[in-house]
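**Student:** Sequence:
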Amino acid sequence: MKHKKPLIGITLDHFDPADNKAALWYSEFPWYALRYRYSEAVALAGGVPLALPYYLDCINEYAEILDGLVLTGGGFDIDPKLYGDENVHPTVKLKPKRTEFEMAIARRMLDLNKPVLGICGGMQVLNVLHQGTLYQDLPSEISSDINHSQTHDRHLPQHTVIVESETLLANLTKETSFSVNSVHHQSIKKVAKGFCVNAVAPDGVIEGIECLDYKFCLGVQWHPEFHVGEADKLIFQGFLEACLNGERDEN
Numbered sequence: 003m004k005h006k007k008p009l010i011g012i013t014l015d016h017f018d019p020a021d022n023k024a025a026l027w028y029s030e031f032p033w034y035a036l037r038y039r040y041s042e043a044v045a046l047a048g049g050v051p052l053a054l055p056y057y058l059d060c061i062n063e064y065a066e067i068l069d070g071l072v073l074t075g076g077g078f079d080i081d082p083k084l085y086g087d088e089n090v091h092p093t094v095k096l097k098p099k100r101t102e103f104e105m106a107i108a109r110r111m112l113d114l115n116k117p118v119l120g121i122c123g124g125m126q127v128l129n130v131l132h133q134g135t136l137y138q139d140l141p142s143e144i145s146s147d148i149n150h151s152q153t154h155d156r157h158l159p160q161h162t163v164i165v166e167s168e169t170l171l172a173n174l175t176k177e178t179s180f181s182v183n184s185v186h187h188q189s190i191k192k193v194a195k196g197f198c199v200n201a202v203a204p205d206g207v208i209e210g211i212e213c214l215d216y217k218f219c220l221g222v223q224w225h226p227e228f229h230v231g232e233a234d235k236l237i238f239q240g241f242l243e244a245c246l247n248g249e250r251d252e253n
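With the working numbering, letter number 221 in the sequence shown gets 223, and the count goes up by one each step, no holes.
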């Protein structure tokens with residue numbers, strides 16, 4: 003059976019007051035969170051958003067019913083040990099349950115060749131999942147005039163990105179450069195095998211990756227769900243088109 007609109011899984015953030023007392027403002031028990039812009043961007047592009055709680059024993063069922071997956075960003079980092087770094091920078095904040103779930107659902111969706119869009123930390127998940135590495139803390143590892151963690155409204159741009167020609171990102175946006183927001187303290191160091199860079203910031207920081215081994219596997223370091231410009235909307239539209247043309251019964 004096919005849906006009239008693609009069903010898009012969206013990964014959640016997770017807060018546990020046992021680990022961070024600041025989370026007590028909502029509940030004394032662990033709770034999930036999702037900024038509404040993620041689901042809004044999916045809905046505006048023509049999809050049906052579905053939040054995904056962290057149940058590893060539901061991975062196969064999730065992947066079977068979903069037409070696409072959005073790996074969201076969040077105020078945390080991937081464990082450096084997963085990409086071979088034994089020393090952990092003091093700024094690194096871990097959420098092991100979330101990382102384990104996101105890597106598992108991304109791996110399964112890609113095994114089924116279903117579209118995956120990684121946003122900010124979601125792009126980093128895709129890179130590490132495929133044996134790439136990360137800079138643990140950009141400000142201390144890369145000298146730049148660009149502040150990659152803006153403090154003003156996320157709907158406003160922070161810097162431009164330069165788009166590599168003949169890439170999926172270039173085909174989706176029809177642009178050679180455009181303005182984006184920027185809210186991250188980590189970025190890709192070594193690009194994963196099978197992936198290519200599709201966008202960089204003026205300081206050389208990698209802002210986007212993709213892998214043509216899959217039907218649609220795209221990662222961007224900025225947050226296109228805020229629709230800073232037309233290119234952001236086109237990214238979601240292209241992602242939803244790939245999901246719509248996925249032919250659920252092929253898998």
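Calculated directly from the structure, the hints in this document are not laboratory data.
Please note that the accuracy of each hint is not assured.
Stated by the list, open to error - Label-pair restraints from in silico Cβ distances:
no. : residue 1 : residue 2 : range
1   : Arg37     : Lys99     : 34 to 40 Å
2   : Glu168    : Lys99     : 27 to 33 Å
3   : Gly77     : Arg109    : 32 to 38 Å
4   : Val90     : Val199    : 34 to 40 Å
5   : Lys217    : Tyr28     : 21 to 27 Å
6   : Ser151    : Trp33     : 35 to 41 Å
7   : Thr93     : Asp59     : 30 to 36 Å
8   : Thr93     : Leu46     : 42 to 48 Å
9   : Ser181    : Ala20     : 38 to 44 Å
10  : Gly48     : Gln133    : 32 to 38 Å
Quick caveat: nothing in here was measured; it's all calculated off a predicted structure.
Heads up, the beta-carbon is just placed ideally off N, CA and C, and yes, glycines get one too.
**Student:** A separate judgement is required for each hint: does it hold in the structure or not?
**Tutor:** Verification of the supplied hints:
1. Arg37 with Lys99: 34 to 40 Å: Violated: the Cβ-Cβ distance is about 19 Å, outside 34 to 40 Å.
2. Glu168 with Lys99: 27 to 33 Å: violated, 39 Å
3. Gly77 with Arg109: 32 to 38 Å: Given about 24 Å between the Cβ atoms, the range is violated.
4. Val90 with Val199: 34 to 40 Å: For Val90 and Val199 the Cβ distance comes to about 26 Å; the hint is violated.
5. Lys217 with Tyr28: 21 to 27 Å: violated, 38 Å
6. Ser151 with Trp33: 35 to 41 Å: violated, 25 Å
7. Thr93 with Asp59: 30 to 36 Å: holds, 33 Å
8. Thr93 with Leu46: 42 to 48 Å: This hint is violated: roughly 34 Å between Cβ atoms.
9. Ser181 with Ala20: 38 to 44 Å: For Ala20 against Ser181, whose Cβ atoms are near 40 Å apart, the range 38 to 44 Å holds.
10. Gly48 with Gln133: 32 to 38 Å: Given range 32 to 38 Å: holds, Cβ gap about 34 Å.
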